Amino acid sequence: MKSRFFSRRDFLKTSSSIGMITAFGGIPTDLFASEGKLVRFPEKTDLILLTSRPPQLETPKHFFKELITPNEALFVRWHIANIPTSVDLRTWRLKVGGNTERPLELSMDDLKGLPKVTYTAVIQCAGNGRSFFDPRVPGGQWGNGAMGNITWGGVRLKDILAKVGIKGDSVEVAFNGLDSGPLPTVPDLVKSLPVDKALEEDIIIAYEMNGKPLTMLNGFPARLVVPGWYASYWVKALSDVTVLSKPLETFWMDPAYRIPANPCACVPPGTKPGKTVPINRMNTRSLIIEPSEGNRLPAGKEVAISGLAFSGGYGIKDVVVSVDGGKTWKETKLGKDLGKYSWVQWTLPWKPAQKGKHTLMARATNSIGESQPFDRLWNPAGYMLNNIEKVDVIVG
Amino acid sequence: MKKNIVFAILVSAGAFLIQHHVPMVQAEEMGPVHSITLPTIPAELKEGAGKDKVMTLCGICHSPDYIPMQPRLPAKTWDSEVHKMIKVFGAPISDEDAKTISSYLAAQYGTDEK
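Protein chains in written order, with my numbering: chain U, 1 to 396; chain Y, 1 to 114.
It should be emphasised that the hints constitute simulated quantities derived from the structure, not laboratory data. One or more of the hints may lead you astray.
[Stated by the list, open to error] Calculated pairs, DMTMM-like style, for lysine to aspartate or glutamate (alpha carbon to alpha carbon, straight line, at most 20 Å):
#, chain 1, residue 1, chain 2, residue 2
1, Y, K76, U, D188
2, U, K272, Y, D79
3, Y, K87, U, D254
Quick caveat: nothing in here was measured; it's all calculated off a predicted structure.
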């Protein structure tokens with residue numbers, strides 16, 4: 001058996017740095033970066049360390065057995081190092097203005113006085129799975145743990161925008177948070193959405209995750225939630241909402257967070273795209289959570305193959321599983337439906353008869369027919385990985 | 001309402017403080033302020049010529065662990081990363097230091113590819 005299944009303790013014995021697992025330069029074979037160094041940050045449980053300043057922390061695989069990701073286990077991803085570590089709700093205000101009839105400043109009490117919306121939505125980093133790109137690309141080397149399924153509570157962005165009155169010539173709405181660059185030359189993390197998108201019903205400014213205030217590292221006191229879209233838009237520790245009459249031009253809108261302007265968001269490995277567009281809606285994914293890569297299963301005994309699946313806002317119609325490397329497929333049983341933005345759990349009982357290696361695969365399709373490719377897509381920034389995952393197990 | 005929220009947060013933050021042997025702070029004293037203290041996690045880079053420069057200059061804006069997080073990359077990819085830090089983010093690094101840093105990165109975290 002290959003060494004990649006050694007336990008966390010074994011790992012810490014042999015290495016004190018995450019560099020160990022990535023240093024060989026190949027592609028990690030497990031679907032999750034489950035062997036990295038675990039660290040504990042405030043309000044969080046033991047998470048896999050990618051970087052410490054600013055913190056980038058990945059959720060360990062076992063939390064993906066759960067329908068809802070616990071707050072303490074949700075991944076952490078900041079871009080620029082001056083992140084808020086202290087917020088005084090007596091002075092914090094959400095400032096809304098720009099190309100509007102009037103500006104507005106809202107306190108947390110003001111926000112809580114507005115109609116509250118609650119739903120469950122997957123939050124996923126655009127670079128989730130980047131470490132599986134072939135050839136590999138620089139950037140946050142996430143396994144598949146830069147995602148989570150959270151019940152968000154907050155107020156509709158469109159209710160707030162209605163209060164300030166967007167002027168007719170507006171094109172975008174920009175979002176800025178309390179974080180800032182460590183040097184003045186480091187561009188501030190400001191993101192924008194087209195006005196039509198910003199006015200959509202389901203976009204909220206969330207002040208709760210799973211019924212509790214946001215953890216500091218996940219964006220206390222409030223963050224934007226753009227369900228169905230990648231988390232790069234879900235600006236944390238929100239401080240400013242600015243309506244714009246011209247498109248926002250910052251490093252974080254262009255060249256960062258752009259994808260090739262084609263349906264797969266991909267180019268031949270190692271090449272550069274011509275035209276690009278801002279990253280937007282998530283593609284469809286399914287992940288096999290159990291069994292894990294390399295597991296030994298007894299022959300003739302029933303086990304459950306289980307996992308999760310989600311899409312960019314169109315729910316999941318079905319998930320099919322193959323136990324023979326893609327030759328035949330069986331429909332799985334879907335778990336509780338928490339709505340089109342949530343992930344759904346799926347399971348398939350399996351009684352392996354033949355001894356030897358079996359390749360398990362899972363493929364999800366959403367309600368508008370979007371599914372997953374057999375081959376890994378590639379783009380230079382390492383975004384939107386969603387190929388059909390393979391998990392090899394040994395029977396007998 | 002406000003107070004309850006802050007208290008709930010402090011309970012979990014408190015768990016962290018205890019673990020790191022910092023005296024527990026009373027919730028009342030903190031009022032409506034929500035604060036955390038980030039742990040310090042030293043980055044470990046491979047030994048090699050230029051390491052000190054890398055630890056200092058590549059640690060100005062973010063922890064140097066951004067480097068060992070990367071897979072092995074071709075020398076030209078490392079060199080373009082160094083120049084991205086200078087051109088896009090304004091890293092105050094001289095041409096000479098940039099050369100030293102690129103050589104260190106290629107030698108310690110590079111592929112055989114040139």
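Verification of the supplied hints:
1. Between Y/K76 and U/D188 the alpha-carbon distance is near 28 Å, which puts this suggested pair outside the 20 Å criterion.
2. The hinted pair formed by U/K272 and Y/D79 meets the criterion: a straight-line CA distance of about 18 Å does not exceed 20 Å.
3. Restraint check for Y/K87 and U/D254: satisfied, since their Cα atoms lie roughly 15 Å apart, inside the 20 Å limit.
Hint 1 from the earlier list is the only one contradicted by this structure; the remaining hints agree with it.
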